[in-house]
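Novice: Here is how the chains run, residue by residue.
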Amino acid sequence: MSHLERMQSIQAMLAAGHRCVELERHSLLLWGLVGGGLCACTDLVINSDTFPDPTQRAVAILVWLAAWLGGMSWLDHHLTHKARANRAETMPFAQAQVTRAWWMLLALGTLATFAMFFHGGGIMIYALWTVLLGLGIFVFGLFSRPLIEWIGLATILLGATGLAAGLAFDTARWLAASTFAIGLPAAGWLAARSDEHRPVQRALYVVAWLTVVIAPVFASARYAATAAAPGPDTVTLKVPAGRVVPLYLDLDSPLLAISAGDAMPMRLIRDAELTLTNGQPDGRYRFGDGSWHSTKEGVLALRIDRIRVEVTAGKPEVRMHSNFVVQGERP
Amino acid sequence: MSMLPALDPLLHQPVRTQIAAYLAGRGEASFAELKRALAATDGNLDAHLSKLVEAGYLESRKEALTGGRPQTVFSLSAKGRQAFLDYVAALSKLLPGKPLAEAPLHAAIAPQ
Numbered sequence: 001m002s003h004l005e006r007m008q009s010i011q012a013m014l015a016a017g018h019r020c021v022e023l024e025r026h027s028l029l030l031w032g033l034v035g036g037g038l039c040a041c042t043d044l045v046i047n048s049d050t051f052p053d054p055t056q057r058a059v060a061i062l063v064w065l066a067a068w069l070g071g072m073s074w075l076d077h078h079l080t081h082k083a084r085a086n087r088a089e090t091m092p093f094a095q096a097q098v099t100r101a102w103w104m105l106l107a108l109g110t111l112a113t114f115a116m117f118f119h120g121g122g123i124m125i126y127a128l129w130t131v132l133l134g135l136g137i138f139v140f141g142l143f144s145r146p147l148i149e150w151i152g153l154a155t156i157l158l159g160a161t162g163l164a165a166g167l168a169f170d171t172a173r174w175l176a177a178s179t180f181a182i183g184l185p186a187a188g189w190l191a192a193r194s195d196e197h198r199p200v201q202r203a204l205y206v207v208a209w210l211t212v213v214i215a216p217v218f219a220s221a222r223y224a225a226t227a228a229a230p231g232p233d234t235v236t237l238k239v240p241a242g243r244v245v246p247l248y249l250d251l252d253s254p255l256l257a258i259s260a261g262d263a264m265p266m267r268l269i270r271d272a273e274l275t276l277t278n279g280q281p282d283g284r285y286r287f288g289d290g291s292w293h294s295t296k297e298g299v300l301a302l303r304i305d306r307i308r309v310e311v312t313a314g315k316p317e318v319r320m321h322s323n324f325v326v327q328g329e330r331p
Numbered sequence: 001m002s003m004l005p006a007l008d009p010l011l012h013q014p015v016r017t018q019i020a021a022y023l024a025g026r027g028e029a030s031f032a033e034l035k036r037a038l039a040a041t042d043g044n045l046d047a048h049l050s051k052l053v054e055a056g057y058l059e060s061r062k063e064a065l066t067g068g069r070p071q072t073v074f075s076l077s078a079k080g081r082q083a084f085l086d087y088v089a090a091l092s093k094l095l096p097g098k099p100l101a102e103a104p105l106h107a108a109i110a111p112q
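Residue numbers (our numbering), protein chains in the order written: chain A, 1 to 331; chain B, 1 to 112.
FYI, nobody ran anything at the bench for these hints, they're computed from the structure.
Wrong hints could be hidden among the right ones.
With a straight-line Cα cutoff of 27 Å, these simulated DSSO-like cross-link-like pairs (lysine-lysine) come out [said to hold, decoys possible]: (1) B:Lys35 x A:Lys82; (2) B:Lys79 x B:Lys62; (3) B:Lys51 x B:Lys35; (4) B:Lys62 x A:Lys82.
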């Protein structure tokens with residue numbers, strides 16, 4: 001062995017010593033299933049029907065997430081120690097520290113979810129969870145295989161890009177669920193087959209990973225749009241652009257009250273079409289000749305970004321600036 | 001005439017160099033982990049570990065892992081860490097052309 005080969009061997013073994021964190025198969029499956037399940041089911045279990053009071057709903061979410069994530073953290077920790085012991089391996093210092101960082105990210109996500117009930121921003125909750133998951137994967141990857149590091153970065157970008165692109169709430173939810181449930185096991189599977197010394201192969205694996213994670217989400221979004229489209233016998237109501245539509249605002253406030261029956265006259269800017277069941281809208285709509293949506297997708301969002309009090313002719317007025325937006329389209 | 005640096009004969013053996021490098025990066029490792037990382041046989045690894053322990057380069061202790069049998073866990077001693085750093089420095093000077101950067105290697109070695 002030449003001196004150069006010996007030095008390269010030293011560097012390789014030093015790197016192997018540093019990158020000694022193992023992403024255990026049970027960890028990837030547990031976190032994948034629980035994270036994916038929570039993204040998919042939380043809104044079905046805890047919603048305005050089951051908990052009408054927002055504070056109760058916030059506390060219910062806090063308890064629900066803390067119980068699942070805390071329980072899974074304990075189980076994962078226990079199983080990881082057991083797996084290491086069965087292989088006669090010690091727990092590396094780096095793995096213990098990275099696991100603590102992962103717990104902190106989970107706690108941060110749980111508290112942010114809770115806080116959004118009081119301070120707003122709920123529209124980006126699933127993007128936030130996707131980014132937090134990406135951070136967790138990235139930190140594990142720093143002390144594990146380089147492919148895991150790259151997948152962590154890809155996950156962070158996925159969450160941030162989805163938010164910037166204005167993905168519908170429901171699409172962002174399924175993207176987060178897919179990143180957990182499909183992405184984590186797929187990352188482990190690919191990492192076990194990757195060659196650390198071939199960056200091109202690593203890049204191809206990341207592209208494959210992104211495809212596997214994203215494809216089902218967009219396939220299901222396309223299916224949802226098809227399912228929302230009315231059949232030939234469905235009654236629809238076409239509302240042309242320019243029509244004045246009254247907006248009734250149900251305002252909870254210790255300061256201001258709205259008189260019963262007061263409405264703000266709003267003028268529709270684009271043609272809209274609603275499907276009717278028994279003479280009432282059933283939650284499906286479209287703008288112009290665009291694709292059909294369901295109100296459950298969370299495509300519509302109201303954002304109030306400015307509140308100003310003015311005095312006009314000696315009388316106080318409250319002026320608000322808000323955006324009633326269609327996700328994915330610029331206002 | 002330039003004086004060539006002397007290489008530590010104990011560390012100037014591929015398996016022992018690798019053991020020292022792996023432990024420098026990881027901090028500590030059990031016999032099973034070293035065996036897997038180095039792809040060495042039990043007998044070969046045991047012989048090299050014994051030499052490093054006898055020279056005071058490695059420290060060993062028995063640790064009862066959760067649910068498993070007690071394992072011997074190895075780590076570099078202060079003497080072994082210094083010997084490894086000196087070995088890397090000496091080896092760098094023997095490389096033709098521009099020596100490999102020593103600083104990153106030193107920085108990469110886990111502090112005790």
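Novice: Each hint should be assessed against the structure and marked as holding or not.
Specialist: Consistency of the hints with the structure:
Of the pairs offered as hints, the one joining B:Lys35 and A:Lys82 holds, with about 20 Å between alpha carbons and a cut-off of 27 Å not exceeded. Distance restraint check for B:Lys79 and B:Lys62: the Cα-Cα separation of roughly 20 Å lies within the 27 Å cut-off, and the hinted pair is therefore satisfied. At most 27 Å may separate the alpha-carbon atoms for a hinted pair to count; B:Lys51 and B:Lys35 meet this at roughly 16 Å. Restraint check: the Cα-Cα separation between B:Lys62 and A:Lys82 comes to about 18 Å, which is no more than 27 Å; the hinted pair holds.
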